[in-house]
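Order-wise, the sequence lines are chains A and B. Going by this note's numbering, 121 is the number at position 121 of the first sequence; the sequence numbering is gapless. Going by this note's numbering, 1036 is the number at position 36 of the second sequence; the sequence numbering is gapless.
Hint data in this document are derived by calculation from the structure and do not stem from the laboratory. You may find that some hints are simply not true.
As the list claims (entries may be wrong) - Subject to a maximum C-alpha distance of 30 Å in a straight line, what follows is the list of computed DSSO-like cross-link-like pairs (lysine-lysine):
#1 A/Lys47 to B/Lys1047
#2 A/Lys47 to B/Lys1063
#3 A/Lys103 to B/Lys1213
#4 A/Lys63 to B/Lys1103
#5 B/Lys1063 to A/Lys68
#6 A/Lys63 to A/Lys33
Stated by the list, open to error - Stretches of chain A that chain B covers, calculated by requiring three or more beta carbons in the stretch to come under 8 Å of a beta carbon on chain B:
#7 58–72
#8 90–98
As the list claims (entries may be wrong) - From the structure, some residues in chain B lie toward chain A, with a derived Cβ separation under 10 Å:
#9 Ser1050
#10 Ile1055
#11 His1094
#12 Thr1100
#13 Lys1103
#14 Gly1106
#15 Leu1127
#16 Ala1217
#17 Leu1220
#18 Thr1222
Values in this document were obtained by computation on a predicted structure and should not be read as measured data. C-beta: ideal position from N, C-alpha, C; glycine also.
Protein chains: 2
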Amino acid sequence: MRNPELSPTNYSLYLVTDSGMTGRDHLVEWVMKAVDGGVTMVQYREKTASTAQMIREATEIRKLLHTKGIPLIVNDRLDVALAAGADGVHLGQHDMNPATARKLMGPDALIGYSVETWQQAQEAERLDVDYFGVSPIFATPTKTDTGRPWGIEGLRELRASTRKPLVAIGGMNRETIAAALRAGADGVAVVSSICASEHPTKSARELMEIIRKERQAKRLST
Amino acid sequence: MRNPELSPTNYSLYLVTDSGMTGRDHLVEWVMKAVDGGVTMVQYREKTASTAQMIREATEIRKLLHTKGIPLIVNDRLDVALAAGADGVHLGQHDMNPATARKLMGPDALIGYSVETWQQAQEAERLDVDYFGVSPIFATPTKTDTGRPWGIEGLRELRASTRKPLVAIGGMNRETIAAALRAGADGVAVVSSICASEHPTKSARELMEIIRKERQAKRLST
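Start from the sequences and build out the full structure, keeping to the hints where you can.
Below is the structure:
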């Protein structure tokens, strides 16, 4: 587990990059515009670029994010994460084993892990990972190799069964994030809501506004 | 540079894997059959499998190779190399920077680097890499994203200009390896000559026989 003396990770609005949506030439710009709108964490996810290009992009994004104190996670590719000086990796069921990743990246790395089924979530409970990506909450065209959607009720039940921070992903947008937060998600991960937006700052700001209102309502109710 | 106290690397017959040729289910078997025929070094090259699958395969191959004292190199993917306990990585012009790879893998790692042009070879001279992959010697259908072939004469000129070990790759087979060795290659890398062979042990043995004869002729002539 990550060193608890480091500042706590803010999973609230977790951006996952998609260069196919932003266009490769605009990827870094879109990320930083979204950060201006309030994004609290970024996952660099790239499946088609060369390793050299991934490292170049991730390094550029990491440098910019770190001037604002925002962590960068790299999807799947621990080599890219290490070379780019990223804060951690996000691992899926077909990626590196989380225990191996922890050994290679050390105790301070932020390691996220996607859970797609109850069985995976139960098995992952004993893993030394920092948060679960609960995937997908709803079916989505962005990622088609996932299991049956958790739904809001599934997320709520998972919340009741684990103390790991939960990041809801899949179909998260202005219409759905409030329900995910009310079901107990620590943060919501978005792809198209920001990467496919023509106004990423505005889109991020609108999402953050919803998140703030939900947090405030929760504080008032408890 | 690799610790000189380790046993010297034998680049003679350098197998590059291609699961598309062997069939994924036969990959490990083909590698070990080729080792029985005399392969001295293996590069695991895989572009389409998931990270988890690459790590599983590379780990299995590494364990088997190490019982025979043969090193395993992983193409491009330093994450897979680290997780699988491989001896090093082979990097191309679109992969991780060799200096970064050296920092991440340490002084004892075997790091290879592909040079496709004179300019790349000259720039690579100062790099802390253990050998050059001279690519391609001849045009080949296996790899199409490479530059103009070096040819045997190009290889000979490169040999005269550098002290780095040179592994000739691209179009290396029973008909061509003798010429590459006579031009000064320290080893020859083969893909289809073994991966597409129905009898990998026999094919490797035939190639090794040619290599031994060339080495013997060279000793007699000097």
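Going down the list of hints, with the structure as the test:
1. Between A/Lys47 and B/Lys1047, the direct Cα distance comes to roughly 11 Å. Compliance with the 30 Å bound is thereby established for this hinted pair.
2. With a C-alpha separation of about 29 Å, the suggested pair A/Lys47 and B/Lys1063 falls inside the 30 Å cut-off, and the hint holds.
3. A threshold of 30 Å between alpha carbons decides the hint, and for A/Lys103 with B/Lys1213 the separation of about 46 Å lies outside it, so the pair is violated.
4. Between the alpha carbons of A/Lys63 and B/Lys1103 the distance comes to roughly 19 Å, so the proposed pair stays at or under 30 Å and holds.
5. This hinted pair does not check out: B/Lys1063 and A/Lys68 have alpha carbons roughly 45 Å apart, beyond 30 Å.
6. Between the alpha carbons of A/Lys63 and A/Lys33 the distance comes to roughly 15 Å, so the proposed pair stays at or under 30 Å and holds.
7. By the rule of at least three residues with a Cβ nearer than 8 Å to a Cβ of chain B, the coverage given for the region 58–72 of chain A is violated, with 0 such residues.
8. Counting residues of the region 90–98 of chain A whose C-beta sits closer than 8 Å to any C-beta of chain B gives 5, which meets the bar of three, so the coverage hint holds.
9. Of the supplied interface hints, the one on B/Ser1050 holds, with its beta-carbon coming within about 4 Å of a beta-carbon of chain A, less than 10 Å.
10. This hint holds: B/Ile1055 has a C-beta 6 Å from the nearest C-beta of chain A, less than the 10 Å allowed.
11. Taken as an interface hint, B/His1094 checks out: its beta carbon lies about 4 Å from the nearest beta carbon of chain A, inside 10 Å.
12. This hint holds: B/Thr1100 has a C-beta 5 Å from the nearest C-beta of chain A, less than the 10 Å allowed.
13. Annotation: interface hint on B/Lys1103 holds; nearest CB of chain A at approximately 9 Å, less than 10 Å.
14. Interface restraint check: B/Gly1106 against chain A, minimum CB-CB distance 12 Å, threshold 10 Å, status violated.
15. Checking B/Leu1127 against chain A by beta carbon gives a least distance of about 15 Å; that is not within 10 Å, so the hint is violated.
16. Interface restraint check for B/Ala1217: the shortest CB-CB distance to chain A comes to about 41 Å, outside 10 Å, so the restraint is violated.
17. Among the interface hints, the one on B/Leu1220 is violated; its C-beta lies about 45 Å from the nearest C-beta in chain A, farther than the 10 Å criterion.
18. A hinted interface residue such as B/Thr1222 counts as satisfied when its beta carbon comes closer than 10 Å to some beta carbon of chain A; here the least separation is about 41 Å, so the hint is violated.
When the structure is compared with the earlier hints, violations turn up for hints 3, 5, 7, 14, 15, 16, 17, 18 and for no others.
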